[in-house]
Amino acid sequence: MVTEKNDLNQEIETLREVCLRPAKKWGCSTLIWIGCLLMVMGWGLYCYIHQLRSGLGVTAMRDYVSWGLYISTFVFFIGLSHSGTLVSAILRITKQEWRRPITRSAELLTFVSLCFGGIMPIIDLGRPDRIANLVIFGRIQSPLLWDVISICTYFVGSSVFLFLPMIPDMALCRDRLTNCDSRFKKFRKWLYTKMAMGWQGTKSQWHRLEKSMTIMTIIIIPVAVSVHTVVSYIFAMTMRPGWNSTVFGPYFVAGALYSGSAGVILGMAAFRKLQHLEKYITPKHFDLMGRIVLALTLIYAYFNLNEYWIPAYNMATHESHVLRALFYGNFSIAFWTCQFGTVLLPIVIMSFPKGRKIKPLIITCIFIVIGAWVKRYLIVVPVLLHPIIPIQEMPLAWSTYFPNYVEFSVTAACLAGIFLIITIFSKLFPMMAVWEVEEGIKIEHDKQAILELHKQREATETKTIGFQLTEPIKQPV
Amino acid sequence: MKSILKSTSLIIAITFLFFSISTAQSKIEVTIGLSYYKKADRSKIAVALIKKKENGKFVFAKNAKVNFYVIHDKEEQLLKSENTDNHGQAIIQVQNDLPLDDSLYFTIVAKIENDPLYEDAQEQIHYKDANLTLNIDPHDTARLVTAIVTVKDKEGKEMPVIGAEVKFYVQRLFGFMPASEENTITTDEKGEATFVFPKNISGDTAGFITIAARLEDNENFGNLENKATQSWGTILPIIKEPFPRALFEPHAPWPLVVTVSTLFGGVWLIYFFIFFQLGKIKKEGQLPINNSTPQT
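Heads up: the sequence lines are chains V and Z, in that order.
For what it's worth, my numbering labels the leading residue of the first sequence as 159, then goes sequentially.
For what it's worth, my numbering labels the leading residue of the second sequence as 7, then goes sequentially.
It is possible that part of the hints are untrue.
[Claimed, not checked] Partial selection, computed: residues in chain V whose CB lies under 7 Å from chain Z:
1) PHE295
2) GLY296
3) ILE298
4) ILE307
5) THR311
6) SER317
7) VAL318
8) THR351
9) GLN363
10) ARG366
11) SER370
12) ILE377
13) ILE379
Treat the hints as calculated values from the structure; they're not laboratory data.
Beta carbons: idealized from backbone N, C-alpha and C, even for Gly.
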């Protein structure tokens, strides 16, 4: 019994050591990586200032395509942010024990995607200062205002949802990391102390934390669903052929969950490799996440069919212009590559257990994430290029669109910003919820102990029965 | 040493000369389009449209100084100077009593002179001061609109203008709509152009409609316009929907306000409860651990 307890303590100690190790040391490669990201961000900032000074005319957007790469990226980032809701909240609420090592990375992905997803529409404005008009002269009947409200609500909720399970870990960092010899020791001490919120692990504190987490787990799911539904309303509530569709809400939610869960798998794979978490994030986790992505891809494929098959069957005049451009027009290569390469092929690959092994699953998820991004572009741009009143007496260049270097640079800067926050976060805080994994280990340990006890009892009982059976039956006198 | 100095100064002088010539030659070629308008309120305006040549195309020339003159006794009198706007237009109000020549024409000249950016250019117009009046009988069931074009002779008597093409329009929010497919009528020997106003054009909520008659780019009189408001339009009913669904409605429908406020208000209330719990956690962390057992 004592040995078992020692084993458990040793396992927990190893876990803590593994989780806190990356925070102790900032390698040269990390600094180079951060430097590269800052360079990309710097160039993007320069391009954005150029855009601010000279107006949106420096981008490839014109009168007809006024929502281009920026708004496509906005929808994509908001979609990625659903990862935290799915992996963390849904798996937590359904009490899936295997979720424990991957919840933190999923919640972080949600937080950073929302940070940059939220600023993409502001970047798309020629006069970003006018965003204040949404608040000053906001009209509650406008889907744009619903979008602002729901994204802000989701952002606050996601931040709280990320922060709550971090509190006990912050106390651990406060107690362990501030004594070691590390960079920015004073800053770290201040940060961990503030974020630990005086955590001492008392019964009452645990009770409050668990209660808060349960409430947030329940509330964050409808908020997340509402966010992507409202994002879809921006398109669906216009009278434009190609957008004005009743299926857009659930279609966007399904697409968001599908790309978000693929994003989580990529995050899991990256942290597993970089922080040597192979012991905790096992092939079993990838297999289970692969199953989830498979199910979501099937749902997404079903919505895709509904979104395109019904209007394609009718081929109503205005709708047909957009559909022709997608099926065999300028956008056909991108459209069919998305449908076959990032929806149907992943379904085939992930249907087989071998396809859910780590390497093939990572490749599939890379395709899914890129495909989801391109798909958002295909939702936004072709429709804008095919208005109800045809484009006439306009410069030829206005009837086509492909993002130029300014849009690519600013978007790349936002992507670099996402990577930068993730990198800095992973170098300051544990990328697994240490206490949650510890809890999992303890539960597993208790299960093993009970199983052992049962086995022992069974063995003893068998012995006793066997002994009784071997005794000669006494004949009554 | 002297020869080096000489050659250097020669090079500088040649370079300076070259640049002076090239800058002197770099003035931009412009064209002037000059128009004259007599509005419904009898005010007169002259509009100069300046275009410059850029990359082989004519585009609007912004901020070019245009001098407007009127010819009086064969001499130019400066009316006003005006800079062009973003659309290349310089607009001035013209005095009502323009000096006329022997054949009762007035002449307005627009000039670009000594502009640092643009080449000199000029354009002039030569028109008679005509009048366009509208005659409408509001009780006329036939809905006849009569436009009369007249011009004063040497004795100051109004003489009819024969053969002038008058176009009839209806004023809309952002411009003028032709009153019918055949909206051009030529004036007769009395100088009258009579137009039968259609019965199916929508007016405002009370059925009022503004009818405009125009003489456009006439070679003798320029642009003349007159307007009149009549209740000949069909009444545009405002349908008050019980649940207005247009985004431009000034007030949001109350069920929407209640739904959105309840949903998001509920979520934010829960957030505040969580913040309260966090505050409690922090407060409890500051107490000594006596009455509670540490868990980890």
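Evaluated hints:
Taken as an interface hint, V/PHE295 does not check out: its beta carbon lies about 12 Å from the nearest beta carbon of chain Z, beyond 7 Å. Checking V/GLY296 against chain Z by beta carbon gives a least distance of about 10 Å; that is not within 7 Å, so the hint is violated. Using the Cβ-Cβ criterion of 7 Å, the hint placing V/ILE298 at the interface with chain Z is satisfied: the shortest such distance is roughly 4 Å. With a least beta-carbon distance of about 6 Å to chain Z, the hint placing V/ILE307 at the interface is held under the 7 Å criterion.
Among the interface hints, the one on V/THR311 holds; its C-beta lies about 6 Å from the nearest C-beta in chain Z, closer than the 7 Å criterion. A distance limit of 7 Å between C-beta atoms decides the matter here; for V/SER317 the minimum to chain Z is near 10 Å, and the interface restraint is violated. Hint status for V/VAL318 relative to chain Z: holds, with the closest Cβ pair at about 6 Å, below 7 Å. About 10 Å separates the beta-carbon of V/THR351 from the nearest beta-carbon of chain Z, more than 7 Å, and the hint is not met.
The restraint placing V/GLN363 at the interface with chain Z holds, with a minimum CB-CB distance near 5 Å, inside the 7 Å limit. A hinted interface residue such as V/ARG366 counts as satisfied when its beta carbon comes closer than 7 Å to some beta carbon of chain Z; here the least separation is about 5 Å, so the hint holds. Satisfaction of the interface hint for V/SER370 is found here, the shortest Cβ-Cβ separation to chain Z being roughly 5 Å, below the 7 Å cut-off. Interface hint status for V/ILE377: upheld, as the beta-carbon distance to the closest one in chain Z is roughly 5 Å, under 7 Å.
Using the Cβ-Cβ criterion of 7 Å, the hint placing V/ILE379 at the interface with chain Z is not satisfied: the shortest such distance is roughly 11 Å.
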